[in-house]
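Residue numbers (this note's numbering), protein chains in the order written: chain A, 1 to 463; chain B, 464 to 753.
Just so you know, nobody snuck in bad clues.
Where chain A lies over chain B, by a calculated footprint (3+ residues, C-beta under 8 Å):
hint, region
1, 500 to 507
2, 581 to 590
3, 612 to 620
4, 685 to 697
Don't read these hints as lab results, they were simulated from the structure.
Heads up, the beta-carbon is just placed ideally off N, CA and C, and yes, glycines get one too.
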Amino acid sequence: MVKKLTAVTLAMLMTGVLSACGAGEANTNDTSAGANAGANADKNAAAGNAAGNVAGSEAKPENADASKKIVIKYWYAFGDKIEEAKKHMVQTFNESQDKIEVVAEFQGNYEDLHAKVQAAFAAGNAPAVTDLEISSTGVFAHSGMLEELTTYAERDKDQLKLDDFNPGLMGNAYVDGKLYGLPFMRSTPILYKNVTMLKDAGLDPAGPKTWDELEQYSRVLKKKGKTGMTVPADIWYYEGLVAQSGGKMLSDDGKSAAFNSPEGVAPVEFWKKLSTEGLIKIPMGDEAGPTADKDWANQLSAFKFGSTAGVTGSLEIAKGNGFEMDTAFMPSNVSYGVPTGGCQLVITSKSSDEEKQAAWEFLKWMTSKENTIYQHKHVGYLPTRMSAVESDELKAHFAEFPQFKVAVDQLEYARPRPMENAYPEVAKIIREAIEKAILDPKTTPQKALDQAAEKANKLLAKS
Amino acid sequence: MSVWEKLRPYSMVAPAIIVFSLFFIYPIFYMMYLSLFDWNFVSPDKAYVGIQNFKDLLTDSDFRQVLSNTTIYTLLTVTLTTSLALLLALWLNRKGVFHGFVQGAIFSPHIISLVSISLLWSWLMDPEYGLLNWVIGLAGFGKLAWLSHPSTSLVSLVIVAVWKGLGYNALVFIAGLQSIPPDIYEAASLDRSKPWTTFRKLILPLLSPSIFFLVIINMIGSFQVFETIAIMTQGGPVNSTNTLVYYIYENGFRFFKIGYASAAGVILLFIIGVLTIIYFKLLSKRVHYR
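Model the full assembly from the supplied sequences, consistent with the hints where possible.
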């Protein structure tokens, strides 16, 4: 009896504990992960404060007024060259004046960054300024996390020169007609070519300019034992191919899917046909993107799509592996067309007025003509201002490295990314549909995209 | 009896109880509460939607696939880890430098961070440039897709989990084997028991507390699998490796649907609770505690 009782008690206890473990895990995803991200945020906040305090106390002896120095946090995404450029710009900003101290903190990729900003905002210690991937502007603005910048821009219009920004990049800066962000490190996908491989195969390195040419090129390359192109079924590239076919991702009001139209199906049919014939390779899974880069770098495939942010890196790779590379527009179907990408700078809404003013000064600095030229040359992101493109400095740079200019010219065909609240999830649904259509011989692209559209419509109708 | 004497035991357990309630009990109830709302984590107003989140979940074909992925993953991982570890333990349960070395070697994955392990295996399993496909190629077989095809991705993750868990499981089994008094073996050999009979009638029952413990621990661990998926597959390709916890994370922190994610969390809580009770009901009868 006693034994049985013990067993029952034990069972009950264990259930409690185990389900608590389970919940803890579940919570790794709502609260606990919230706590996790929150904890990170706290840590960062603490680090930020500490850094701020140190900076503050260091500044004190230098300047009596500096005790009033405003310290704001700036969270950014990505390491390597991108981080170098961002840190350098923050440092020069801090050195350029003595009222504002910006503490820059690395937060991983865009998704990590977004999750952390969100958790920190809920906990009440969001950074004053953060990078924000452009298609998420809608979600963040609608949740009231972003400070509207319209009045700031109006006040400082002579200094800011809002219309100097490339119009092709402003589409994602506005939500419901209100300004929420300034274009910062912006990109478009472009076509990277292995010119040496094309010449060896007797192909004109000026092409391929159209989908048909891409197919022909790939046939020739296949006979030489190469793959035409390695391309992951990435939503960003798909958005480009839909634009090239003359279609749209979503309806104009953003309430329903438009990608299951003939223009949206055409890219998937094109990819499916070419990959079935072995002309192009579509890697799947988490490593798909890096695989495409590796195939191109190792000269297994002649073409890849990639962000303009990779121009500097790709030039180095081509040089190291002994081939000549060039960049070009993404090939056209009905017309040229590309989505834009990258991030803009935003101010969070819960900061104090003082912090917001400081943040605004910082935003203006980071998006200035001089700084956009600097980051373009250092990383390869687009020069965001027309005056920068027309500057002597960049003209000389383009003459030396024409590979950088392609993305700027291609902006003529750029279109904004969808910004609906549900778009991140819709994007995932589309990607899965494309992968399914390509992998499964029995699933036609039309059918896969129709199913995806049905799911997407449910989500879009809600938001 | 003074007041202090009455209060003393409570004050002694208070720290543990407070930490437990704050970090385990409160979040569980808050999660249940949130599962009834449509909320994005930051907006000031939560919309009460009743059980709509649960209805949506149960009608979502992706969620059903997530449940079946999780179940298959758990079944494969638990059976493979436990049975392979038992075999290893039976082999390693003897003295000697070689066996000691093997024991140490198979235990080492247990102390490596899962993140490093995930990165390592991502590289090993790379279809084009990975070591595994290179070895398979040398042996004259075609390349495997590993993580990059829905038909092999989940099994690939199981392999990683088994590799990681084997050493720890074997160690627990070895400890269990060594706690069996040698006189029992002597008695068995005097009775001319065959090795298989000894194993089935003696070792297995005497080892049952270890088996029970490991099955439960492995099961819960597998249900909670997250790191490998977040790093190696992100649930893809075509949702083939999406499991409950990653699904919850994805909905909560990528799509900002906290209510929906909480509802999935409640379902996870429920499943694990039920499984645990079943285990205790069924297995406690077969476990021999000495």
